[in-house]
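Modelling step: build the complete structure from the supplied sequences, incorporating the hints.
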Amino acid sequence: MSQVVRVVPDVPSFAVDDGFAYSVPETLQPIRMGAMVRVPLGGRTVRGYVVDADATSDRKLRPIKGQTGDLPVFDAGLLQTLRWAAIHYVSPLGPMLAKAAPPNVPRLLPDVDLDPVAVTESPLPEITNRAASGGRIPPHALLQTGPWATTVAGLASGVLAAGRNVAVVVPTVGEVGELAAALPFGNRVHMASSQYPARQTTEAWAASQTGHGVLVIGTREITTWPMGDLGLMIVVEPGRRSLKAPQTPTLRVGDIARRRAAVEGLGLVYLGPVPPSEVVAAGTRISRPRGRVWSRVEVVDRRSATPSGIVTDATRRALQTVTSRHGSAFVFVPRRQEYLVCRACGEPRRCMSCGSAVPREPVCRRCSTVNGACQHCQNDQFRAVGLSVGRVIDALRRSIDSVGASGSGSAVVVGTERDLVGQPAVDISVLLGLDSMLLAPNYRAGEEALRIGARVAGMVRAGSGRRCILETGMPDDPVVGALVSGRPDEAMATLVDGRGASGFPPVTEIIAVDLSGPPPTAGSMLELQPDGATVLGPAIDEGSSRWLIQGRDLRPFRLGLRSAVHEWREEGRRVRIDADPIDL
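Under the numbering used here, the first residue of the sequence shown is numbered 1, with each subsequent residue one higher.
Hints are not guaranteed to be accurate.
FRET-style restraints, in silico, Cβ to Cβ [as the list claims (entries may be wrong)]:
#1 Ala182 <-> Glu571: 49 to 55 Å
#2 Gly291 <-> Pro138: 46 to 52 Å
#3 Arg487 <-> Ser304: 23 to 29 Å
#4 Thr120 <-> Arg487: 25 to 31 Å
#5 Pro246 <-> Gly390: 40 to 46 Å
#6 Lys60 <-> Gly503: 52 to 58 Å
#7 Ser408 <-> Asn379: 25 to 31 Å
#8 Arg569 <-> Arg32: 31 to 37 Å
#9 Arg335 <-> Asp115: 40 to 46 Å
It should be emphasised that the hints constitute simulated quantities derived from the structure, not laboratory data.
Virtual Cβ for every residue (Gly too), placed ideally from N, Cα, C.
What follows is the structure, encoded as structure tokens:
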């Protein structure tokens, strides 16, 4: 009897999400779930994925044309997660299934003798032991600063020795190579990223599928890989922006990892200095050192500094001292930096309603409140405070000889967040522009500022006199308090509670819908509105429109939105769906 399979074509259309039944020629039997196949669809042949290898049909069926590769790209557990992701991120199922596949055709690799594993002490022995044996355990967050090699080795070594696989997801390709080179597992370690050659990434994919006791380090793409007998997944700094895809579907690594852990029963550890709001809201168990998570933080109040000074005299003297002793320093400058301060008292200009920065025009960019004079002294004159890497370097070079940008080899390096990757430990780090991050007109401003501040403070090596210097005009802000105390979890819990009261994620859900062309009628969007949700919009901007949908449970809206997105795309519109957007 001919085998019948159900195949979801790899085409970007919701119309084929249920798949189609095909017969399997005897020469290709048996076909397994997850196999990539070539099938007829309309008048062409397309790639598809087998979602049911034991389907039935009473009709005469067209046969599949062939199988692509030697290995299936998902099993039943991963398929369940990918189906959830297709609904959550409002994506056709076919392209979502494709995210489990490697860039090239998956082929079996020849067997190799794996290097021995020296089992080292795990910082979370319960997680490691259960991941090695296959026991279920809830996700766990471990608060530390980098470098990560010792911690990852401790978490992974027992799992690898037991013959199970480990996946380590890191934010950038630079951190892939840096961590891989520092781990003591020899040929068990494989590196993967969309920025690597397709052949190398495909080999890493195949090694994880067929190997027993291998570790794959990669960027966000590997979160949806099958990984064979996966026992443990480690996500490094899950709050970093690069761990959320910017394009549709806007997958967030932490969400996919948490879903996989629940479905497949694998161990999951979030590793970083600050637990993301999603981790806190989920009630994830958090472990941190007995004392501080990062180095000592010294606050310099900019309100008492010279109005025109880019760097205060106190910070300048500290940098002069460290360079005179042949030490090193890193000065952090944020990318988005300009804000206004009162010319009389030096207080940052904040919106009276939502607390974000007020621009040169008095209308708040976050909540549209019209603001007037300084709330502290009633002065109506403000000055702009702006920073850039070049301006800070020029200011410091007036009194310090060895100052330069990242890669210059200078004793004092000035850089942005992207320059933190790969920077060696320093004697002093300086955090400039925290206020502009705190005042940013988006709901994640406090979380972003705390996360980046913790990374800057975490660069400082241990020792007397070594510290992070934080310049701010807002010393009483809770984020500043958390950086000084070195205990971020309590501050994050407070931030999450505040966002819940304001109706923002992760306590609630938000979906942003961006459309090209004229907006659909308000009535058509409101027809999709589930009970308890709010539809805001449209906001019109240069031939496009944006809608925001906000509510506690938007799954009914997501299901209804799929057909609407299909119709809009059939009309030739560009549609972008962003689930729980970062910048809002």
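Item checked: Whether the CB-CB distance between Lys60 and Gly503 falls inside 52 to 58 Å -> holds, 54 Å
Next item on the list: Could you check the hint for me, namely that Thr120 and Arg487 are 25 to 31 Å apart, CB to CB?
Entry: holds, 27 Å
Checklist line | Hint check for Gly390 and Pro246 - Cβ pair distance inside 40 to 46 Å | finding: Violated: the Cβ-Cβ distance is about 27 Å, outside 40 to 46 Å.
Check: Is 46 to 52 Å a correct range for the gap between the Cβ atoms of Gly291 and Pro138?
Finding: Cβ of Gly291 to Cβ of Pro138: about 26 Å, so the range 46 to 52 Å is violated.
Next item on the list: For Ser408 and Asn379, compare the CB-CB distance with the range 25 to 31 Å and indicate the outcome.
Entry: violated, 41 Å
Margin query: Assuming the hint says 49 to 55 Å, is it satisfied by the Cβ distance from Ala182 to Glu571 or not?
Written below: 52 Å Cβ-Cβ, so the 49 to 55 Å window holds.
Margin query: Range first: 23 to 29 Å. Now tell me if the beta carbons of Arg487 and Ser304 are that far apart.
Written below: Given about 27 Å between the Cβ atoms, the range holds.
Next item on the list: Can you let me know if the beta-carbon spacing of Arg569 and Arg32 is within 31 to 37 Å?
Entry: With Cβ atoms ~32 Å apart, the hint holds.
Notebook entry, point to check: Within 40 to 46 Å or not, the Cβ separation of Arg335 and Asp115?
Noted result: With a Cβ separation near 41 Å, Arg335 and Asp115 satisfy 40 to 46 Å, so the hint holds.
Going down the numbered hints, you'll see the structure goes against 2, 5, 7, while the others check out.
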